[in-house]
Structure formats: C-alpha cells, structure tokens
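Student: Given the sequences, and given the hints that come with them, work out the whole structure.
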Amino acid sequence: MTGRGRTCKAKSPDIKCAKSTSKPEEIKHESPPRCTRKDFKEEKQKGATKEQKPKVQKKTSSSDENPSAQSIRKEKTTKHFTEEVSKQQSTPADNKKAPVQGRQAETTEPVTKSKKMQPKGTTEDSPKTTKEKKCVRKEKSPEQSREETKVQPEDIKTAKTCNAKDKIPETKMQPVRPKENPKADRCEGKVDTILSTTLNKLKIKRDEKSYTSKVVNELVDAILSHLKQNTQCFKEAVPLRTGSYYENLKISNPDEFDVMLAIPVDRVDVSPFGDDGAFYSVELKRGNSPLKRFEESSTLSASKMLGEFRAEVKECAKKYTEWEVTRKKKGCPAVTLIRTVQSITVSLDIVLSLVVKSSWPSFTKEGLQIDSWLGTKVKREYKWEPYYLVPKFEGRGTKEKDGVLAKDTWRVSFSHIEKAILKNHGSQKTCCEKEGERCCRKDCLKLLKHLLSLLKENNSSFEKFCSYHAKTTLLHACCSRTKDTDWGASSLSQCFRLLLEDFVSHLEEGILNNFFIPTQNLLSSLSRNTCNSLARCIREECDKGFPIFK
DNA sequence: CATGTTCGCGAGTGC
DNA sequence: GCACTCGCGAACAT
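Going by full-length UniProt numbering, the first sequence opens with residue 1, and the numbers climb by one from there.
Relax, there's no trap hidden among the hints.
Label-pair ranges, simulated between beta-carbon atoms: (1) ASN200 <-> SER524: 33 to 39 Å; (2) GLU218 <-> ASP371: 41 to 47 Å; (3) ARG528 <-> GLN232: 45 to 51 Å; (4) SER343 <-> LYS319: 19 to 25 Å; (5) LYS235 <-> ASP543: 52 to 58 Å; (6) GLN232 <-> ASP402: 28 to 34 Å.
Since the hints were made in silico from the structure, they are not lab data.
Each residue gets a CB set at the ideal place from its N, CA and C atoms; glycine is no exception.
Tutor: Put into structure tokens, the structure is as follows:
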C-alpha cells in the first residue's frame with residue numbers, strides 16, 4: 001500500500017510507530033485456536049469428511065510458542081471451551097450438534113432457515129435477480145424478508161440505534177437512502193458496483209503473494225536461527241506473524257509484512273508511564289534473567305534492548321544482500337528490512353516484543369467490550385491470553401517520569417487478540433464459514449483503509465491517520481451492530497456507509513478510544529481541524545458515491 | 001456472470 | 001522436527 005518505507009508505518013499504536021501510513025497492524029501470535037474453531041472442526045470431521053487433497057506442503061512453519069505456556073494455555077482453552085460452549089452459547093452449540101437440520105431454525109435467526117430452504121444454486125433461485133438472490137442469502141428477520149432490497153438499510157439502522165449505547169451526538173451523515181426512491185435505489189446500485197469493483201482491485205494476486213511470502217519467510221527463518229544460535233537474550237524469541245498481511249486484510253500489494261519476535265519474560269513488574277495507560281515501564285523481578293543487562297536503574301530499558309536486537313538482525317541480514325536494513329526510526333519498535341521482489345518493494349518489519357503472561361493492565365478493564373457481539377466467554381478466553389509489550393515511545397524520548405525516560409518505556413500490544421477477533425468475527429460461529437452466512441465486516445474495513453490511504457495521498461495533512469484508526473473504528477462498530485445480520489454480505493454499501501458515519505463521528509468528536517485501553521484516545525495527537533477536515537472529505541465521498549474509487 | 005473447484009499460504013496438531 | 005490437515009482467499013473452470 002502506500003507507504004512502505006516511510007518513517008514508521010503506522011502500525012497499531014500498539015506496535016508500530018506513530019507515523020503512519022496505512023496499515024493497521026497487529027501482532028499476531030499463535031494463540032490457541034478458539035474453541036469454536038476446534039469444536040467446529042471436530043464436528044466436521046465426524047460428519048462431513050472432506051476429501052483430502054494431496055497437497056504439496058511446503059512449509060513447516062513452526063509455531064513455537066513457549067512450550068510450557070502453550071500447553072497450559074491450550075489446556076485452559078480447550079477446557080473452557082467445551083464447557084462454556086455447551087452451556088452458554090446455546091444457539092451456536094445447537095448448530096454444531098445438528099447442522100443438518102436447519103440450525104438455528106428454532107432459535108433466533110430465521111435467516112439460516114431461509115437459506116437452508118433455498119440453497120444457492122437451486123432452481124428456486126435462478127429466476128431471481130442477483131440482488132434478490134443475495135438478499136435471500138442474507139439473513140433477515142422475518143419481517144424483513146420481503147421487500148428485501150428496500151428494507152435493508154432501515155434494517156441496519158434499526159439495529160444500530162438499538163445497540164447504540166455509546167453513540168454520541170447524532171451527527172448523521174446523509175441518510176442511508178430513502179426507501180421509496182427509485183432513483184436513489186439506482187444510485188445505490190451503482191455504489192454497490194463501485195465498491196465491489198474496488199474490492200476486486202484491492203485483492204492480492206496469488207503469484208505475487210506466493211513469491212513475496214517465500215522471500216520473506218526465508219529471511220524470517222534465517223533471523224530466527226541466527227538469534228537462536230548467537231544470542232542469549234533473544235534466543236527464545238517466538239515469531240508472531242501480525243499485521244494486515246497475515247490477517248488477510250492487506251490490500252493492493254503484498255508489500256508489508258510484520259513479524260513480532262516475542263521474548264517471554266517471567267515475573268516482571270509493569271507500571272504505567274503517563275496517564276492514558278498505553279505506555280509502561282518494566283522492572284525485572286527475578287535476579288537471573290539474561291535481560292538483566294538491559295537494565296537501566298532497575299527498569300528494563302527498551303532502547304538498550306532494541307538497540308542490541310537491531311544489531312543482531314542487521315548482522316544476520318548482512319548475508320542476505322538483497323535485503324537492506326532501513327534507518328532506525330525514533331520511537332519505532334521495528335527493524336525494517338526492504339527488498340525488491342519482481343518490481344514490488346517489500347518491507348518486512350521485525351518487531352521486538354516481550355510476552356507478559358499475567359493479567360492485563362488495569363487500564364484494559366473497561367476495554368474489549370465484545371460481550372454482546374462475541375460473547376462473554378470469548379472475552380474471558382481472550383483475557384486469559386498474555387499481552388505484549390513493544391519498545392515504543394512517544395515524543396523525543398527524553399521526557400522523564402519517576403526516574404524513567406520515555407525511551408526506555410514499552411507500549412502494550414494486543415495484536416494477537418485483534419487478529420483472533422478478525423479471524424473469528426461473527427456473532428454466530430459459522431459466520432463466513434462454508435456453511436455459514438457471509439458477512440462484509442472485513443470488506444468494509446478494507447474499503448475504509450483504502451479510502452483513507454487515497455485521501456492521504458491527496459492531502460499530506462492527513463499523514464498521521466493510519467489504518468489502525470480504521471481498524472479500531474471497525475471494532476467499535478462491530479460492538480454496536482453486533483449481529484451478523486447487521487453485516488450481511490449483500491448489504492455492503494449500507495454497511496460501509498454506516499462505518500463511515502461512525503468514523504466521521506469519531507473524527508468530529510476528536511475521540512477514538514483504543515479498543516483495549518479506552519483511556520487512550522488515538523486521535524489525541526491530531527488537531528481538531530485536521531480531524532474535521534478529514535471528516536468533511538469522507539462525507540463528500542460518501543455523498544457523491546465515492547468518486548475517489550473510480 | 002455466478003458458482004464451484006483448485007491452489008498456495010499460514011497455522012494447528014499429532015506423531 | 002516433520003508430515004499431515006484445515007481454513008482462508010485468489011485464481012481458475014464451468
């Protein structure tokens with residue numbers, strides 16, 4: 001996407017440096033599979049066995065997470081899951097058990113039923129227009145089933161208002177579209193086309209993906225084995241592939257890869273640095289840690305540790321002459337390597353991080369409000385996960401507080417959770433799975449990211465906006481429009497407009513809270529003017545049918 | 001053109 | 001560690 005190689009790309013505030021270009025990123029981490037998936041899998045295996053195709057499998061990617069932790073967590077997860085799943089999620093659980101007979105039919109979602117009765121591709125569907133067909137697929141509540149096309153927007157709106165707890169002053173954007181206005185309908189149809197064409201353009205080509213990932217994986221493997229063989233402090237690093245590429249949210253080109261190398265630390269004291277709960281200083285409790293040598297007056301110095309990490313990565317990369325290590329960027333936790341692969345300039349961010357396996361900082365208490373979207377047990381599961389700290393600071397690094405310099409502080413990261421949420425994003429477990437309904441949540445996010453990056457190209461004053469803002473907006477939106485039916489794949493344009501409305505509201509208020517740490521306002525460093533100006537641009541695009549995409 | 005199938009990659013699992 | 005398996009999403013076929 002746009003900018004590789006810029007100062008720091010904007011990765012999530014968690015991980016990346018503040019600058020931004022376009023991408024939200026996260027860290028991923030190979031977390032134990034959510035139970036859902038597991039259960040689902042099991043069930044599938046029992047029932048519909050799939051034909052296994054002989055694949056030429058290549059990579060043996062090792063997900064090596066700290067073994068002990070892994071097993072512990074695994075156990076935990078599985079256990080919870082099974083228990084909780086059966087207890088709590090009555091609907092999904094039912095689905096699993098009786099997939100064959102209209103799951104959900106009796107429960108709350110009539111939708112599936114209708115789908116069941118009219119599988120795609122049957123003759124019943126054939127006479128319908130495309131649009132109608134889609135509507136059928138999309139789940140709706142009974143009253144909505146007829147008058148499909150027209151009703152949808154209202155439908156969504158309603159849902160929104162219902163759950164719109166935190167919605168602020170209703171500065172609404174142009175109404176989603178009057179119901180009985182044929183012309184408007186036509187326009188909306190055009191917008192549909194524009195959006196889906198745009199999405200198609202944003203797709204990553206298979207062969208590009210194939211050869212870029214090959215060179216990236218080679219280098220990552222080399223760095224890992226270098227660290228294992230030549231260092232003490234970094235030898236336990238566990239790779240977590242994070243960022244939009246690995247979340248299947250990368251648009252346009254496979255040119256940005258993010259790999260976090262996570263160093264397990266046991267027993268640390270983590271204290272807030274600053275008052276928004278995003279930055280922390282870290283103190284090692286145990287005496288024998290190899291990380292002791294990065295201490296600076298009893299706190300673990302992020303800058304020292306990153307400095308040495310960078311040197312090791314550089315050392316290793318020397319042997320790979322096609323790759324170039326870019327200059328260190330102030331406050332940025334990544335060592336960025338660049339190389340050109342068949343005319344694509346690929347950049348790989350290797351991000352140092354610490355894995356902290358203890359409960360999340362108290363600032364996260366009010367965050368992650370996914371209860372009504374993904375469920376309370378899913379939330380509880382996530383909160384069992386460790387969290388990550390990346391060597392990142394704001395400003396010049398010389399600010400001091402309680403004897404700690406900003407440059408020696410760490411920022412929390414929940415990229416692994418973001419990744420997990422995006423992967424398993426439905427309120428129904430089967431959302432977007434083969435047997436489930438498709439939703440447009442990810443498509444909406446891709447479009448928003450793309451819109452943002454185009455607007456940034458046109459106006460340099462927008463450079464501080466980053467794709468993480470887009471991602472955060474989506475996460476909040478999913479918490480206010482929680483049902484999968486609120487995001488039906490056939491309602492793309494309406495859903496996208498609502499998402500833009502959300503984004504515009506955040507901009508106009510100047511407030512976009514970190515999804516995990518609500519006390520941190522991701523827009524705090526942006527001026528009101530800039531925010532308002534971006535809001536105006538977005539409204540305009542929205543009102544005019546997205547000429548910028550054409 | 002829409003839908004179904006194949007392919008490549010990432011990633012989990014079990015040996 | 002390795003081989004196998006599966007899900008996702010792009011590409012291809014029908």
